[in-house]
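Two independent chains are provided; combine them into the complex using the hints.
As they're listed, the protein sequences go chains A and B. Counting from 1, one number per residue, gives the positions in the first sequence under the working numbering. Counting from 419, one number per residue, gives the positions in the second sequence under the working numbering.
Check before you lean on any hint, since a few could be wrong.
[Unchecked claim] Computed far set for chain A versus chain B, every beta-carbon distance over 12 Å:
#	residue
1	Val20
2	Arg26
3	Ile76
4	Lys120
5	Arg124
6	Thr159
7	Lys220
8	Phe289
9	Ala295
10	Asn297
11	Gly298
12	Leu305
13	Lys309
14	Asn312
15	Asn401
16	Ala415
[Unchecked claim] Which bits of chain A does chain B cover? Going by a derived footprint, with three or more residues having C-beta under 8 Å, they are:
#	segment
17	168-174
18	229-239
19	331-345
Don't read these hints as lab results, they were simulated from the structure. Predicted, not measured: the structure shown is a model, and the values here were computed from it. Ideal Cβ placement from N, Cα and C applies to all residues, glycine included.
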Amino acid sequence: MIEFDPPKPILQQQYVLKTVAENMMRPVSRYFDEHEHEIPYDYIQFMHQAMRATGAGSLAPSEEKKEGEKEKRPPIGYQMLAHMLEMLAWGDVGMYLVTPGGGLGAAAVQAAGTPEQRQKFLARFAGEKPTFAAMCMTEPHAGSDTAAIRTTAVLDPQTNEWVINGQKIFVTAGDKSLTPREEFGKGFIVVWATIDPSAGRAGMRAFVVEMGTPGVKVVKLEKKMGIRVSDTAAIVLDNVRVPFDHILGSPTVEKETEKGFKRAMLTFDSTRPLVAATGVGVARAALEFLKEKLAENGIQIRYGLPRQKLTNIEREVIDMEIMLRSAWLMVIKAVWMADNRMPNALASSMSKVKAGDVVTRITQRAVELLGPLGYSREYLLEKWFRDAKITDIYEGTGQINRLIVARQILGYTGAELR
Amino acid sequence: MYAFEPSEEQKMLIDAINRYAANDLRAAAREAEESGELPPKLIEKGWELGVLQASIPEAYGGFGERSAVTGVLAAEEMAWGDLAGAMAVFTPHLFALPILLTGSEAQKQEYLPAIVEGEWRPYTAAMIEPFFDFDPQALRTTAEERDGGYVLNGIKIWVPFAAQAPAMIVYASLNGQTQGFIVPAGTAGLEISSEREKLMGLNALPFYRLTLKDVFIPKTQRLGEEAGHAMEPILAAQWVAQAAMAVGVARAAFEYSRDYAKEREAFGVKIAQKQAIAFMLAEMATEIEAIRLLNWEAAWKMDTGKEDAWQQAYLAAVGAMDMVMMVTDRAVQILGGHGYIRDHPVELWMRNGRGFAMFTGLMMV
Numbered sequence: 001m002i003e004f005d006p007p008k009p010i011l012q013q014q015y016v017l018k019t020v021a022e023n024m025m026r027p028v029s030r031y032f033d034e035h036e037h038e039i040p041y042d043y044i045q046f047m048h049q050a051m052r053a054t055g056a057g058s059l060a061p062s063e064e065k066k067e068g069e070k071e072k073r074p075p076i077g078y079q080m081l082a083h084m085l086e087m088l089a090w091g092d093v094g095m096y097l098v099t100p101g102g103g104l105g106a107a108a109v110q111a112a113g114t115p116e117q118r119q120k121f122l123a124r125f126a127g128e129k130p131t132f133a134a135m136c137m138t139e140p141h142a143g144s145d146t147a148a149i150r151t152t153a154v155l156d157p158q159t160n161e162w163v164i165n166g167q168k169i170f171v172t173a174g175d176k177s178l179t180p181r182e183e184f185g186k187g188f189i190v191v192w193a194t195i196d197p198s199a200g201r202a203g204m205r206a207f208v209v210e211m212g213t214p215g216v217k218v219v220k221l222e223k224k225m226g227i228r229v230s231d232t233a234a235i236v237l238d239n240v241r242v243p244f245d246h247i248l249g250s251p252t253v254e255k256e257t258e259k260g261f262k263r264a265m266l267t268f269d270s271t272r273p274l275v276a277a278t279g280v281g282v283a284r285a286a287l288e289f290l291k292e293k294l295a296e297n298g299i300q301i302r303y304g305l306p307r308q309k310l311t312n313i314e315r316e317v318i319d320m321e322i323m324l325r326s327a328w329l330m331v332i333k334a335v336w337m338a339d340n341r342m343p344n345a346l347a348s349s350m351s352k353v354k355a356g357d358v359v360t361r362i363t364q365r366a367v368e369l370l371g372p373l374g375y376s377r378e379y380l381l382e383k384w385f386r387d388a389k390i391t392d393i394y395e396g397t398g399q400i401n402r403l404i405v406a407r408q409i410l411g412y413t414g415a416e417l418r
Numbered sequence: 419m420y421a422f423e424p425s426e427e428q429k430m431l432i433d434a435i436n437r438y439a440a441n442d443l444r445a446a447a448r449e450a451e452e453s454g455e456l457p458p459k460l461i462e463k464g465w466e467l468g469v470l471q472a473s474i475p476e477a478y479g480g481f482g483e484r485s486a487v488t489g490v491l492a493a494e495e496m497a498w499g500d501l502a503g504a505m506a507v508f509t510p511h512l513f514a515l516p517i518l519l520t521g522s523e524a525q526k527q528e529y530l531p532a533i534v535e536g537e538w539r540p541y542t543a544a545m546i547e548p549f550f551d552f553d554p555q556a557l558r559t560t561a562e563e564r565d566g567g568y569v570l571n572g573i574k575i576w577v578p579f580a581a582q583a584p585a586m587i588v589y590a591s592l593n594g595q596t597q598g599f600i601v602p603a604g605t606a607g608l609e610i611s612s613e614r615e616k617l618m619g620l621n622a623l624p625f626y627r628l629t630l631k632d633v634f635i636p637k638t639q640r641l642g643e644e645a646g647h648a649m650e651p652i653l654a655a656q657w658v659a660q661a662a663m664a665v666g667v668a669r670a671a672f673e674y675s676r677d678y679a680k681e682r683e684a685f686g687v688k689i690a691q692k693q694a695i696a697f698m699l700a701e702m703a704t705e706i707e708a709i710r711l712l713n714w715e716a717a718w719k720m721d722t723g724k725e726d727a728w729q730q731a732y733l734a735a736v737g738a739m740d741m742v743m744m745v746t747d748r749a750v751q752i753l754g755g756h757g758y759i760r761d762h763p764v765e766l767w768m769r770n771g772r773g774f775a776m777f778t779g780l781m782m783v
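This is chain B alone, in the form it adopts within the complex (with noise of 0.2 Å):
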């Protein structure tokens, strides 16, 4: 059958999500993206609304089981309060969902119950690379087999929380084919830059650069082990969650130049009774709404087990990144110079909106 509405569970979920996006991520964000700091009790009271925790089996500490359709909305609903937010709340998603997907039994037993348990701790990923055509399944970082495991070499940018984290996973390349490897802090030869990265957009979070030299993987620290693992579920959950939060911060661009629109008056009418606005609003509408069914599909054939959910999964995560760039520049221009001052926040969501075409691997659901 063809269903389009949340179970009450879901809904449940969405509404606890909901109200902490509105008075939590929502009211510190402006104050995070200047200061460069989310406040960790923030991050702790997202992490405690328990969506990774839902995620995860008993059998590994946690209270539930995976869906992809309960995380791409999720995804939105944090994404809706405040883009750095969400992704700082889900950081160790980057870490535990690779392992749930296509990590050995030993595995999953190792850290799964370790990270749903206990408080937030970022636990993270290193995916993306310096380059232009930076593309995860041609990695230039690279895994050699040498001495009974593996040894990485290789630059890699842009990774949440590095300085912080217990451990993270390193996607490099073997053999031509991507694969992750798990990475505890203070391996030998895993330098951290000491300086943040600095970017346009996501001021708030903390990125760090990596530089690889010869650190040595033992193979039970290889994802999956010697057996390795498929590369489509990890992308596909990246993609998805890339995709729901691009509609989460696309609806809140909408929602906020629609109310703007609502109030503003030009030539004796609110400016919203003007065709060239209301046009522009009803096509935001209208393209938020087309991206959010793909994706929901996408997500809904992921926990089908349909063969071509990562495709799908994909054409959802294109599809969002031109739909959130067109939302919130046009969200920008119906605020006018209004719009490109700080003190409203359709600025910081257009800077937002432009980097999700680079921000495959930075979001898992």
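Pulled out of the complex, with its shape left as it was, chain A reads as follows (with noise of 0.2 Å):
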């Protein structure tokens, strides 16, 4: 069947997620967007307490089939998740990513780790505080090109602990996820590191550092464009032993097999979509501020022409709405297929270039298109423009998706086209 009917629960869902959006996260955009690195705590403790009511301990879907659940439904968890991360983002992308709950980190566990490991990780999201988690992947000299990463691993096999070294950069909620706060639970971040520098990806594997172990700290808060509420960090890690088991899969390199590399990578076409549905959200946010402001002017957007008749803000009008329904509409069909566990690269990618690509440019021509308006910090239109940008950067960027796109139509391997 070809369908597209939201199904129920997402109604309901969207209906308090719009209401979290209007009051928790619009209000106080332009406040944290000029008070840099300052904590939106009530944000944070007010989504901590109603994922705790509605069972919802971590951002990352669960595997596990509670037991009772008898009717076979379709799954929708990550339709669900991106239909929740688009309307949070039309709310403020920056505040939804302080969203406590684990994001990449937890969802690292969740894809790589074991049922121990998930359990032993994961656990903690539903307890009392928001508790943070945090994907260290980045390093000073490699960004998208993940695998020239330095940071290591040596397992001493004295005391059976890793001996992790390295600096990593561009972590998303870093800092809440490591340095102790009254308000905060204790969390962790998921280090890629090398566990033999000889066999590249193959030796590829994510650790766990839990918040308070020595020799681990953030030494940085960047001061960013756009999403400033999100804190990004620069941490170093200086001879920080963790425990045997926190290593996330394989612990021998295996010749045959680029597991720990590939595993990585899989986090990447579950989050991909999501991370499209966060841009998708901000570009809603900025045509819906345009077109309001135009209709306040008087101006209504006549549909059914052909395009000679069309005035210019018309024209671009629509061409707004074609890109941001498509764009959505990918990111559907992506989540989907992940629901219903088919092979989503490809989709997942698809989405991501377009939505890099639709957020970027709705919110620069929204921006032009008020004139004046749109480029004063009066209205937050200025603000999403900057906080658009990421989307085509962060989770890949719009490059490297579009080179997972070519490799996958072509079927070539990323040796055939580099």
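Right, dumping it as structure tokens:
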């Protein structure tokens, strides 16, 4: 079947989330944009309590089915997440990024951890205090080229501990995950390191490093163009020792596979359409604002006319609507595939390519079309323009995702299409 | 629920059309384009796939219910084979579907069984007019109420198969509203050009120009009879067909240039291994998928009676115009000089690609 009705639980969820976006996010958007590195405790507490009340302990969808759930409904976990993220990003994408619950760090444990590890590391997100986790991949000299990371993890046979050394940058929520605060629970970071520098990708593994572990510290909080309410940390790991079972995946280098690296990339297959969903949320906010301002000025968009008869503004708005809706449908298709356990690397990367393009173009055009109103900090539009750009950069730049799409459609390996 | 997989029945239809599109339409496309003739047997074979027949209820001689979703799936697959061939096979849609959607009971009884129970016959429609700002909702062809009927005056261009058509729907402005009128062949005052129209593309299709001079139409021949009809369902059915066929043409161009890029070598590697080419292909595939999904949703909204269906159908058609131009242009670019030579089909698809912006009214599902 081909159908486009959002499932009922999603519609109910959306109603609540819209209220959150309107009342908890939008009114403080400007304040936190102008007070970088302050923490929006009210929003964090509210979201934590709300998620506890609804049984949602983590942003990562749970694979374990509760007993007694006999009714077989099609799975919609990722679809719900995509809708949720779109709506929260419509409220404020920076603030969405400080939603407690584990984010990408928890997603990595979910994707690459054993059942014991999932229990050990993920249960905390349902605890009393809001708790954060973060993913540490990028290093000062290695961004998109993730196989080039230099952080090392060496097993100390005396103590059976891993000793980790290196530097990580651009860690979203790294500070909230690592720096102890009375308001927050004990978080962790997931650090990607090599257990054998000569093995390339085959040697790459992820390690869980808990808050309070000696030798790990946040050395810098970045000042950014947008999403300023979300902390972006630089982290140094200096002889950090973690227990043996903090490694996600196999502890030995397996020659025939690149499992360690491929696992990391699998995480991205499921999270890319979710990042794309946040881009769509920002784009929708900008387009709605643009249409509202135009309507206030007596400009109605006439649909159904040949382009030759449209005004430039009508043409722009219509093009934006085409971009926005089609990007959203690509997101929905990608997460629908994830929910139904279909391989979705292509759909996933395509949705990210599209959403990255669409959100940057819509916000850029909207600022221009509204002239001085668009550029003024009196309105949030200029902030959305700044917030939007990151969508085309993090979780795989538009170019990296084009590369993935191209390899998929051409049937090429990484070696065949570099 | 969300769902993105055609039903079993739809898959079977797509498979059948795909075989016809590949083995018959595609194989005949270049020769038809150069000679200006589509073999009648070719059209009849496509007609026998039964896309229109399956859209008409049994009460009117068909064997199904109209589904816009099935329609856009079928249209994409047909147009992937060859646009001119697909439009020829679907020409009777231009007459039958407006009657099905908005005609009176008597009109449905009179025309639908005759069309769907027989062999392919070019029942057609006249929509487009020779003005740069042609707009289906603001026509220059007029209909005036007179002597217990309507009198039509004006010029229509690009009317497919007009010279062979048993009857056609002519769209005209009645008090500022576009309305359809059923005009049988040989009606007094209806003049069909002796020469065929000459266009940049679609040379295989016989298009004619109509001149209407005081053509008298009885009230029973107005679409929907005296009460008339709404234009939205007709326009929506045209727009989703246009978008679906654009997706089909774009997909053909994308696949052809992708395969070429994997064969052609330059500087010691396949050109597809160069990011300059690979990224073009990635963007082509992405934009095709974007418009396909937008159009699927529009069609689904039509089938489920959503109020904004016609609006999204319009968005899909407008988006498709840009998408198909971009994709077909890049397909020629990827083949380089070879793309410009008529030995390859990409130049034909690029000419088709440009046409979609003015094809409203020439296709319908």
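Checked hints:
Interface exclusion of A/Val20 from chain B stands, the closest Cβ pair being 23 Å apart, more than 12 Å. Look at A/Arg26: its CB is around 26 Å from the nearest CB on chain B, clear of 12 Å, so calling it non-interface holds up. Non-interface call for A/Ile76 relative to chain B: violated, since the shortest CB-CB distance, roughly 8 Å, does not exceed 12 Å. For A/Lys120, the condition that its CB be more than 12 Å from all CB atoms of chain B holds, with the nearest at approximately 34 Å.
Every Cβ of chain B is farther than 12 Å from the Cβ of A/Arg124; the closest lies at roughly 32 Å, confirming the non-interface assignment. The beta carbon of A/Thr159 is kept farther than 12 Å from every beta carbon of chain B, the shortest such distance being approximately 47 Å. Residue placement check: A/Lys220 keeps its beta carbon more than 12 Å from all beta carbons of chain B (closest about 33 Å). With a minimum CB-CB distance of about 20 Å to chain B, A/Phe289 clears the 12 Å threshold, and the non-interface call stands.
Remark: the non-interface label on A/Ala295 is consistent with the geometry, its nearest Cβ contact in chain B lying 16 Å away (cut-off 12 Å). At roughly 22 Å, the least C-beta separation between A/Asn297 and chain B is larger than 12 Å, which holds for a residue marked as non-interface. Against the 12 Å criterion, A/Gly298 stays outside the reach of chain B, whose nearest CB is about 21 Å from its own CB. A Cβ of chain B approaches the Cβ of A/Leu305 within 12 Å, the least distance being about 6 Å, so the stated non-interface status is violated.
Under the 12 Å C-beta cut-off, the non-interface status given to A/Lys309 relative to chain B is violated; the minimum distance is some 6 Å. Once the 12 Å rule is applied to beta carbons, A/Asn312 is consistent with being away from chain B; the minimum gap is 15 Å. Interface exclusion of A/Asn401 from chain B breaks down, the closest Cβ pair being 8 Å apart, not more than 12 Å. Look at A/Ala415: its CB is around 10 Å from the nearest CB on chain B, not clear of 12 Å, so calling it non-interface is violated.
Counting residues of the segment 168-174 of chain A whose CB lies closer than 8 Å to any CB of chain B gives 0, so the stated coverage by that chain is violated, three being the minimum. Coverage of the segment 229-239 of chain A by chain B is violated in this model, with 0 residues showing a Cβ closer than 8 Å to a Cβ of that chain against a need of three. Remark: the segment 331-345 of chain A is confirmed as covered by chain B, as 4 of its residues place a Cβ nearer than 8 Å to a Cβ of that chain, reaching the required three.
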